[in-house]
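Novice: The chain contents come next:
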Amino acid sequence: MISGIFHSRYEDDMALRRTHAQKIRLVILVIAFITFPFFADRYSLTLANQVGIAVIGAIGLNILVGYTGQISLGQGGFMAVGAYAAGLLTLHFGMPWWASTLIACLFTALVGVLFGIPSLRLKGLYLAIATLSAQVIILWVVTHWTAVTGGNDALVVPSPTMFGIKLNKDFNFYWVVWSIALIATLLTVNLFRTRFGRAFIAIRDQDIAASVMGVDLFKYKLLSFAISSFWVGMAGALTAHYRSIVTWERFTVDVSVLYLAMIIIGGLGSVTGSYLGATFMTLLPVLLTNLGRATKDTFPIMETILPFLQQGVFGLVIILFLIFEPEGLNKMWKNAKDYFRLWPFSY
Amino acid sequence: MLRGFTSELNSSRLKAGETQLKVDNIQLNFGGLTALLDVSLEVRQSEILAIIGPNGAGKTSLLNCISGLYHPQKGKISFFKSDEKGGATEQEVTRMRPHQIAQLGIARSFQNIELFRHMTVLDNLLSGCHIHMKSGLLASMVYLGAAQREQIKFRQFVEDIIDLLEIEAHRSKTVGSLSYGLQKRVEMGRALAMRPSILLLDEPMAGMNSEEKEDMARFILDINEEHGVTTILIEHDMGVVMDISDRIVVLNFGQKIGEGTPQEVHNNPAVVQAYLGENRVHLPNQLPEN
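As given, the protein sequences belong to chains A and B, one line each in that order. The working numbering numbers the first residue of the first sequence as 2 and each following residue consecutively. The working numbering numbers the first residue of the second sequence as 5 and each following residue consecutively.
Pulled out of the complex, with its shape left as it was, chain B reads as follows:
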């Protein structure tokens, strides 16, 4: 069941279950190498969509296409924005530059942590608010009146994220000095500070122990259930994926081989084959003849 919310942390006002992002037959080549081939998928408001697949399947490439770091050679990616009347307007983002896509509210974290290492946790979170701050250059440099009030307002706002992610003790520490697990959490916080309409998480639990994974899964669920943030998640831990995602898309060698609820994907023979290989005993007619 998907629920829609009007939360501070979520800038999308679409009704739950409406299409929010549509990837339409995209193809991405690096020279002669095809990273993505005819991949289509739909993301709906307030769901957690997991993208799984073996290494090199094109999961991160797909995310990079959505956030504008790569531009697919063929196909179309569209984003749906809510308008005042409650309907949705479609906007194509295929050729847009990363910062323009960010302004639509598509936020992400990276597989290898890409935080601003020399900033404090607070400054990292505040830099996530970049697209929402409005003060002009001269006003900012003088830092009186409205410019100062704006900074205080956002300082208050990021405090909510600090509470949500339980990093109170580390707010004024330099990010580079924090442990790996905490850095992953701060990076998610920075993406949340953008008030995302869609949150893209690239392996948020990679390299964590089971306790840290549990914490992270809980944060992702909190963000989704309390604030209704649509989440696209890449993750290798099948247990976590099966537990928390509403739908799963499976990629293999750049192509989509399966899609559906965790149960459907679990029983999908193509997916099982991609992960476990062919069962040759049951498929004798496919044995090579010699």
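So that you can see chain A by itself, here it is in the shape it has in the complex:
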């Protein structure tokens, strides 16, 4: 009797989807994603687009924090760089949305590398403070460099179009954002099957051993900052094109914390975790609002305490996850799969 999954070719053994169950789940997921916009109402589509942007940003942050172990509180700042760069390029140079997005991402990668330089000397809490300074400096530049960014005024970005179709309609933007999310996912998953990804994880787990294995710590830490910031910049640029309005309020330090919460709750060092965490943290406030609306006739006090409730639940969720499942939703998903694979025997 075969008591496990065996492959006779290395290709099969190293494939991303190795079992039938995995392949079937993937097909179901793809079908769900393709059919969703045809049945969903506008509000759900808006949420789906927000989740898509959050997923891209969370994957970016997870590459740096989850995989390479370089903690970053600069997420909001880097998203601002992407958003403003994309917005300004479209506004002043009339670039098509995809060109401005790509250049904005590359520019964010460059800024990320610049603020990643202290990571060679700093670790842990000290690096967190250094990246927090990135957040503060970038937002300061954005609000004070009035001639370019417009300062406190909102930057109005022309609507993105492709083949004469307006892309910032929810239905159209859905395809844009989720295609990019798919590309980000594939590239990231592949990255961690090769020497670059392994070098990142090696730096996280044992940086001295990594350097003795031939990993240039400085180069690879900066590379991690670059790749991470590229996707974070992508999330920012997409926000700019989707909303058509860029304001600095959307990229405060709250955003940095929110994204950190996403990847902690989703699962550090996991692409699936980035998806789960981004979805969870984007939909949680919505669920709470709905809950508040539904119960406001029974409990009139709900209307006044709802904003505070959202903050409180946000904190509570993080604490509960840190205590009961520090490895996040991804681990819970794995546990569930293991349970059903072995069912009805628990060993």
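Mixed in with the good hints, there may be bad ones.
[As the list claims (entries may be wrong)] No farther apart than 27 Å at their CA atoms in a straight line, the calculated lysine-lysine pairs in the DSSO-like style are these:
#, chain 1, residue 1, chain 2, residue 2
1, B, K177, A, K24
2, A, K24, B, K157
3, A, K124, A, K220
4, A, K338, B, K177
5, A, K335, B, K177
6, A, K220, B, K89
7, B, K80, B, K26
8, A, K220, B, K157
9, B, K85, A, K220
10, A, K332, B, K85
No lab work stands behind these hints, which were simulated from the structure alone. Keep in mind the model is a prediction, meaning the values are calculated, not measured.
Starting from the structure of chain A, add chain B where the hints point.
Specialist: Chain B alone, transformed into the frame defined by chain A:
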């Protein structure tokens, strides 16, 4: 007798017995503390050189100097590479950074296991192949064609190491979940995956029972005899050291006090004194006078 090999696991092509690494009068200070003082030694292709000495003698510091984690204040460390004509070219490594030294093929394991705990055994071994993988960043992210073939090629290669070290049953387990002895073995495997020209092993048998020690000694001999890998070994178990090493260097308080074959070191009075203390009955003139 030393034998030279052209093995996949060994990237050095020097003839057996030629000088491969030369440590020349190095001195290492930490502030006012002198960890190494005028230490010189030579390592020859395909030998097992053991470094022994009491605790705090500077054995690990010496290894750290060789692999670039510490930089000695004085002295010189040179590495000899084979060239196409069969000769050797000297390269100074004293000031090089650890990853540059790793690229020359100097691999090591650590006294306290320093594996990548959250990776599987396979990924740990593959990360050892880092210096030999060539695919670029974009090609790796797209993972088609050459990049994929490269990964498969190295996957096949590490399978040989898995066979050699007999860890077939554990290849896809997370390293953190393995027992201590197995982790030590995986760590040696990771160093081997670098196709080392010199393998530095820092107490590979520390904390093992006699059966595990026997296994480990056999692996070290296999690596040396079948693949001709030059090995520098730090070990406290005298029985093992005397049995498997070709030459022994003895350190005490940061200085070299003896060198030679196991038999010579065994009979060296300075070494005996360092390990067992002075025999005052036979040396009455050294007694304090009062």
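Novice: Under the constraints set out in the numbered hints, which ones does this structure not fulfil?
Specialist: 6 and 10
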